[in-house]
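Asker: In case it helps, mature numbering (1 follows the signal peptide of the UniProt record, and there is no 0) puts the sequence shown at residues -19 to -1, 1 to 144.
Because the hints were derived from the structure by calculation, they are not lab data.
Mixed in with the good hints there might be a few duds.
Claimed, not checked - Within a straight-line C-alpha distance of at most 20 Å, the following computed EDC-like cross-link-like pairs (lysine to aspartate or glutamate) qualify:
#1 LYS13 <-> ASP130
#2 LYS17 <-> GLU121
#3 LYS138 <-> ASP5
#4 LYS13 <-> GLU121
#5 LYS140 <-> GLU121
#6 LYS71 <-> GLU135
#7 LYS55 <-> GLU102
#8 LYS71 <-> ASP5
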Amino acid sequence: MFRSLTTFALLLSAGMAQAGMTVDLLPPWDGKKIPKGQHCQLQGGKGATPPMQVAGIPAGTVMLVVEYNDKTYKPLSSKGGHGTIGYPVKGASAKLPAVPGMTAKLPGGARVVAPARSTGEYASKGYLPPCSGGRGNTYEAVVQAVGADGKVLERVKLKIGRY
């Protein structure tokens, strides 16, 4: 009996230790629908990145790098098609604030790691807010914990909504 309880406790604690990094969208973002006004300027919006709460950040992380993608539109569907933003962090949790789209000037130490790959009238110096015209495209964020050596320590993907 004691051995069974000990084994169970060890399995339980091992599972807890491997809980990993978690990312939650903050209001008004719910992961289902892009909030009103959070789309691109070309379609009358004034979009910004979704604010997020990140927990379980691995030790040694100096920056959370977030790639924004339109999973429905192949040219911008991966590797930060809608831009890649870096947020400096310290500690095991962080709140990533919303930062404005269409600009490289970002508040709070956030910086553009790579601008959106969009071109022409859709070109952006930073984050390109959802710009599909409300066709139901699916947008995602890939949050990466990056160490001082530039290596990715952990990665979490999450749906930020449809537009």
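Asker: Hint by hint, say whether it matches the structure.
Answerer: Against the structure, the hints come out as follows:
no.: 1; hint: LYS13 <-> ASP130; result: violated (35 Å)
no.: 2; hint: LYS17 <-> GLU121; result: holds (17 Å)
no.: 3; hint: LYS138 <-> ASP5; result: holds (11 Å)
no.: 4; hint: LYS13 <-> GLU121; result: holds (11 Å)
no.: 5; hint: LYS140 <-> GLU121; result: holds (4 Å)
no.: 6; hint: LYS71 <-> GLU135; result: holds (15 Å)
no.: 7; hint: LYS55 <-> GLU102; result: holds (18 Å)
no.: 8; hint: LYS71 <-> ASP5; result: holds (18 Å)
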